[in-house]
Amino acid sequence: MDFNFIIHCLPLFVAAAKLTVTLAFFGIALSLAVGALCAVANYYKVPVLKQLANAYIEIARNTPLMIQLFFLYFGLPRLGILLDGKTCAIVGLSFLGGAYMAEAFRGGLVAVSKTQIEAGLSLGLNRFQLLRHVVFPQALAVAVPVISATAIFLMKETSVFSIVALPDLMYLAKDLLKEGHSAESNFLLVISYLVIILPVSLFFSYLERRFRFAGFGS
Amino acid sequence: MEQEILIIRDLQKSFGETPVLNGVSLSVRQGEVLVIIGPSGCGKSTLLRCLNGLEPINSGEIEFDGKIITGAQANWNLVRQKIGMVFQNYELFPHLNVMENILLGPLKVQKRPKAEATEVACGWLERVGLLDRAEAYPRELSGGQKQRVAIVRALAMAPEIMLFDEVTASLDPEMVREVLDVMLSLASQGLTMLIVTHEMGFARAVADKIIFLDGGSIVESAPPDIFFANPSTERARRFLNIFEFDEDKKLGVS
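Note that the protein sequences, when read in sequence, are chains A and B.
Under this note's numbering, the residues of the first sequence are numbered 13 to 230, in order.
Under this note's numbering, the residues of the second sequence are numbered 8 to 261, in order.
Misleading hints may appear alongside valid ones.
What the hints assert, rightly or not - Pair ranges (Cβ atoms, derived):
#1 A:Arg-221 / B:Ile-233: 37 to 47 angstroms
#2 B:Ser-224 / A:Phe-140: 32 to 42 angstroms
#3 B:Glu-68 / A:Thr-127: 23 to 33 angstroms
#4 B:Pro-46 / A:Arg-222: 39 to 49 angstroms
#5 A:Arg-222 / B:Phe-22: 56 to 66 angstroms
Claimed, not checked - Each computed SDA-like pair below joins lysine to any residue, with the alpha-carbon atoms no more than 25 angstroms apart:
#6 B:Lys-216 / B:Pro-231
#7 A:Lys-126 / B:Leu-148
#8 B:Lys-118 / A:Tyr-68
#9 A:Lys-168 / A:Lys-57
#10 A:Lys-126 / B:Lys-115
#11 A:Lys-57 / B:Gly-60
#12 A:Lys-98 / A:Ile-203
#13 A:Lys-126 / B:Asn-84
#14 B:Lys-115 / A:Lys-168
#15 B:Lys-121 / A:Lys-98
#16 A:Lys-126 / B:Pro-63
#17 A:Lys-57 / B:Glu-62
#18 B:Lys-115 / A:Tyr-68
#19 A:Lys-126 / B:Leu-85
#20 B:Lys-89 / A:Val-154
#21 A:Lys-126 / B:Glu-123
#22 B:Lys-89 / A:Ile-203
#23 A:Lys-30 / A:Ala-53
#24 A:Lys-126 / B:Gly-78
Treat the hints as calculated values from the structure; they're not laboratory data.
The C-beta atom is built at its ideal place from N, Cα and C for all residues, glycine as well.
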């Protein structure tokens with residue numbers, strides 16, 4: 013192992029990691045928003061929106077992210093819509109992630125018992141108040157494990173962003189591989205992903221524990 | 008004689024093809040305590056649930072405070088603030104502590120000032136002996152404590168009528184008493200209550216009137232001393248006998 017090479021490359025990896033983290037952060041945040049909206053549309057059986065949400069979920073979950081990115085980056089320009097690499101990456105990740113997050117939230121929502129809803133109704137809560145104060149907090153607590161698994165999955169999916177010409181970790185590693193030093197490059201690549209994802213994973217475990225012990229299991 | 012606060016006229020309700028309530032008519036006066044008894048499946052829980060709109064009715068009407076609350080213009084969110092309900096399985100919100108459970112309705116629905124609502128809540132909690140548990144989460148409470156909190160949660164809305172749907176049916180025997188005592192004290196204070204229960208001793212003690220429901224109709228309606236001593240219908244007699252037989256069996260076993 014050539015440690016000089018590793019030290020020399022480290023700043024490059026830090027820069028690439030920053031990009032990966034930024035894209036993942038926005039992608040996951042948007043996924044959560046899209047997922048929550050789809051799940052609520054589904055839960056309340058909002059006409060039209062429900063069907064649209066379901067169609068979207070099926071399309072997004074059953075196509076690879078790489079193909080989705082190809083479409084955004086190479087397909088859309090032919091329709092006159094030009095998106096830069098970063099936008100493509102964030103839109104693509106949210107498109108994929110939103111569908112998985114929708115399923116995570118859906119699982120949480122159906123877990124809230126009908127009798128809890130009746131208890132909320134009997135206090136005179138309207139539909140929005142019921143969702144906000146009774147249904148959603150309980151659904152979220154149930155959904156946290158799946159949400160965290162999805163978030164970690166999405167962070168790893170960022171490794172295909174290099175196909176839209178983004179200088180992320182995978183892109184950098186591939187570049188360095190061409191110049192030899194394959195052991196060092198691969199080592200740095202693995203370490204970088206670990207350094208990024210491990211804290212996220214730990215954070216979500218913490219959230220899970222907090223939610224689980226925040227008053228559940230009556 | 009106090010005025011009638013709730014009038015039910017010819018209430019019909021069915022689940023699909025199965026009729027559950029076949030024309031129930033009944034009126035409740037201010038401050039009156041009605042205990043509804045009857046065999047399981049007779050429609051007593053459904054009757055209560057129709058009164059606050061948890062079950063839509065098929066026909067008939069319900070008049071509350073001089074206004075018809077059923078039909079096209081029904082505003083259940085408004086009615087439910089005045090008709091409180093307590094459930095068999097407590098249904099406290101597990102993610103909120105005792106005080107948050109109690110304040111949810113007064114603050115979010117009634118938009119009352121927090122200081123005033125908290126004071127009211129503390130007063131009720133003290134009355135049911137749970138003021139020191141205000142910060143506890145439902146999972147930290149016993150069944151009897153949960154049910155007392157659930158009663159306070161409904162009372163904190165300052166309802167005009169309270170509905171109790173088999174509120175002691177899920178409790179261990181030694182916890183039944185603490186909940187019934189709270190209800191007895193509410194009754195003596197003049198709260199209008201409709202109670203569905205299988206606790207015959209309690210029914211006798213608390214009720215101004217017993218409603219015996221069977222097959223979705225009111226079979227008998229009488230003051231408790233008359234009803235329990237001398238039920239006028241054969242069906243009511245048979246129903247009451249079941250309980251005595253149960254008592255004998257329990258004695259025999261122990």
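Cross-check of the supplied hints:
no., hint, verdict
1, A:Arg-221 / B:Ile-233: 37 to 47 angstroms, "violated, 59 angstroms"
2, B:Ser-224 / A:Phe-140: 32 to 42 angstroms, "holds, 39 angstroms"
3, B:Glu-68 / A:Thr-127: 23 to 33 angstroms, "holds, 27 angstroms"
4, B:Pro-46 / A:Arg-222: 39 to 49 angstroms, "holds, 46 angstroms"
5, A:Arg-222 / B:Phe-22: 56 to 66 angstroms, "violated, 41 angstroms"
6, B:Lys-216 / B:Pro-231, "holds, 6 angstroms"
7, A:Lys-126 / B:Leu-148, "holds, 22 angstroms"
8, B:Lys-118 / A:Tyr-68, "violated, 39 angstroms"
9, A:Lys-168 / A:Lys-57, "violated, 33 angstroms"
10, A:Lys-126 / B:Lys-115, "holds, 21 angstroms"
11, A:Lys-57 / B:Gly-60, "holds, 21 angstroms"
12, A:Lys-98 / A:Ile-203, "holds, 23 angstroms"
13, A:Lys-126 / B:Asn-84, "holds, 17 angstroms"
14, B:Lys-115 / A:Lys-168, "violated, 42 angstroms"
15, B:Lys-121 / A:Lys-98, "violated, 47 angstroms"
16, A:Lys-126 / B:Pro-63, "holds, 16 angstroms"
17, A:Lys-57 / B:Glu-62, "holds, 20 angstroms"
18, B:Lys-115 / A:Tyr-68, "violated, 35 angstroms"
19, A:Lys-126 / B:Leu-85, "holds, 21 angstroms"
20, B:Lys-89 / A:Val-154, "violated, 33 angstroms"
21, A:Lys-126 / B:Glu-123, "violated, 31 angstroms"
22, B:Lys-89 / A:Ile-203, "violated, 62 angstroms"
23, A:Lys-30 / A:Ala-53, "violated, 35 angstroms"
24, A:Lys-126 / B:Gly-78, "holds, 24 angstroms"
Hint compliance for this structure: hints 1, 5, 8, 9, 14, 15, 18, 20, 21, 22 and 23 are not met, and every other hint is.
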